[in-house]
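Visitor: Protein chains in written order, with this note's numbering: chain L, 579 to 690; chain B, 23 to 137.
Quick caveat, the hints were computed from the structure, so don't treat them as lab data.
Glycine included, each C-beta is placed from N, C-alpha and C at the ideal position.
Just so you know, not all the hints are guaranteed correct.
As the list claims (entries may be wrong) - To give an idea of the chain L side of the interface with chain B (calculated C-beta under 8 Å), a few residues:
1. L611
2. G620
3. F666
What the hints assert, rightly or not - Just a sample of chain B residues kept apart from chain L, beta carbon distances all over 12 Å, derived:
4. Q39
5. N93
6. Q102
Unchecked claim - Facing chain L, from chain B, some residues (calculated, C-beta under 8 Å):
7. S53
8. D78
9. F113
10. S117
11. G124
12. F128
13. G129
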Amino acid sequence: GQQLNQSPQSMFIQEGEDVSMNCTSSSIFNTWLWYKQDPGEGPVLLIALYKAGELTSNGRLTAQFGITRKDSFLNISASIPSDVGIYFCAGQLKGGGNKLTFGTGTQLKVEL
Amino acid sequence: DAGVIQSPRHEVTEMGQEVTLRCKPISGHNSLFWYRQTMMRGLELLIYFNNNVPIDDSGMPEDRFSAKMPNASFSTLKIQPSEPRDSAVYFCASSVSGGNTGELFFGEGSRLTVL
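Based on the sequences and whatever the hints tell you, model everything.
Guide: Here it is as structure tokens:
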């Protein structure tokens, strides 16, 4: 099936550092979303992007919908310990209805 | 406000047994999704419903898996007979169809272990 390639697979950073992760696909997506999953919990929506080129912020998080509609990135500024978790990109294919395809995930670990 | 409610949270069963996972979506949401999460394959969509009608079940692995949504507030995912490779965390999610698409609300998941 359709895959979203997410990188990096994992990151181990110092508290206060900025973080960047991205997601790419060979197909065009109408919508890009970023979710975060804490251990033992389901994914929670962080940011949703609906237009190519759109740049959206949510607190310390910033995400962009790539111009080609085949990629997206997420930045986290000034990381804190509670940012630890797995971050997933997700997208809706053009003509794919309500279906969301999820990326492979980026595991973030923050060192105090 | 109640989110998506799944049960059981954990289930351990033996190979060959029937497993039934349950989901109550958020009230007012008319789309419901079943996902499976494993280390090897990540989050995979199994099936989704709009207004209680199955729209896409292409992700259901095989005939041993079945899902129903008898009404707007309840859905089940059944595995019969279960096999060890079915061990995974199964998530139910709901959303408002026609709203901001892609904004899924997930339950806490049902962790299934088949011995």
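Visitor: Failing hints, ascending?
Guide: Result: no hint breaks.
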